[in-house]
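Counting in the numbering used here, the sequence shown runs from 145 upward without gaps.
To be clear, the hints were calculated from the coordinates, so they are not data collected in a lab. Heads up, a few of these hints could be off.
[What the hints assert, rightly or not] Across the chosen pairs, the derived CB separations fall in these ranges: (1) His277 to Asn248: 36 to 44 angstroms; (2) Cys304 to His277: 16 to 24 angstroms; (3) Asn253 to Arg209: 14 to 22 angstroms; (4) Ala220 to Thr312: 44 to 52 angstroms.
Glycine included, C-beta positions come from ideal geometry on N, C-alpha and C.
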Amino acid sequence: MKQLVCPGANGLLNHRMILLFALATSMSAAEVSAQALATEAQTPTPTVVTPAGNSQTEERIQQHRFWDKKNDWLFAGVGASRTFDYFSTLNLRRRGDQEILVTNDLVDNHAAFAVVEAAGTGVSIGASYLFHHYGHHKLERWTSIVHFGLATSGAVRNYCLKTAHPRTTP
Numbered sequence: 145m146k147q148l149v150c151p152g153a154n155g156l157l158n159h160r161m162i163l164l165f166a167l168a169t170s171m172s173a174a175e176v177s178a179q180a181l182a183t184e185a186q187t188p189t190p191t192v193v194t195p196a197g198n199s200q201t202e203e204r205i206q207q208h209r210f211w212d213k214k215n216d217w218l219f220a221g222v223g224a225s226r227t228f229d230y231f232s233t234l235n236l237r238r239r240g241d242q243e244i245l246v247t248n249d250l251v252d253n254h255a256a257f258a259v260v261e262a263a264g265t266g267v268s269i270g271a272s273y274l275f276h277h278y279g280h281h282k283l284e285r286w287t288s289i290v291h292f293g294l295a296t297s298g299a300v301r302n303y304c305l306k307t308a309h310p311r312t313t314p
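Produce the entire structure from the sequences given, and follow the hints as far as they go.
Structure below.
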């Protein structure tokens with residue numbers, strides 16, 4: 145396995161990606177366990193009639209609409225990072241390097257590869273919606289944040305790789 149070094153960087157880029165992934169998964173695991181403990185500790189309380197508006201504002205503060213401004217920006221960021229990844233992968237292939245996550249035939253079929261990138265964005269939005277639907281609002285946001293970070297770092301990695309030069313024998 146060849147080591148991939150980003151020009152101008154100190155150290156291996158792979159180690160940074162692994163560290164980023166480990167950090168993201170450990171943070172997500174902590175959020176899941178914290179949410180589980182919080183829901184177990186809650187006991188149903190009888191509803192108390194309060195002056196109009198007080199309970200509704202508290203409810204709106206705790207919950208948000210799925211298509212709110214924050215999610216709009218997060219989903220736009222995921223879409224932009226997937227687009228960045230699309231063009232960086234095409235650049236990688238034009239320079240003669242090999243794609244490692246999907247087949248080269250898929251990447252070379254530009255329309256099919258664009259559909260795969262768009263589907264990745266759709267899956268991310270769908271996963272966020274599932275978290276939103278079941279009340280895991282922090283995980284809903286973190287899904288997009290982690291996806292944005294990983295797609296962007298993958299695209300940067302593609303641009304940092306050296307151009308593959310075919311071997312010529314004299």
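The hints, checked one at a time:
no.: 1; hint: His277 to Asn248: 36 to 44 angstroms; in the structure: holds, 38 angstroms
no.: 2; hint: Cys304 to His277: 16 to 24 angstroms; in the structure: violated, 38 angstroms
no.: 3; hint: Asn253 to Arg209: 14 to 22 angstroms; in the structure: violated, 38 angstroms
no.: 4; hint: Ala220 to Thr312: 44 to 52 angstroms; in the structure: holds, 45 angstroms
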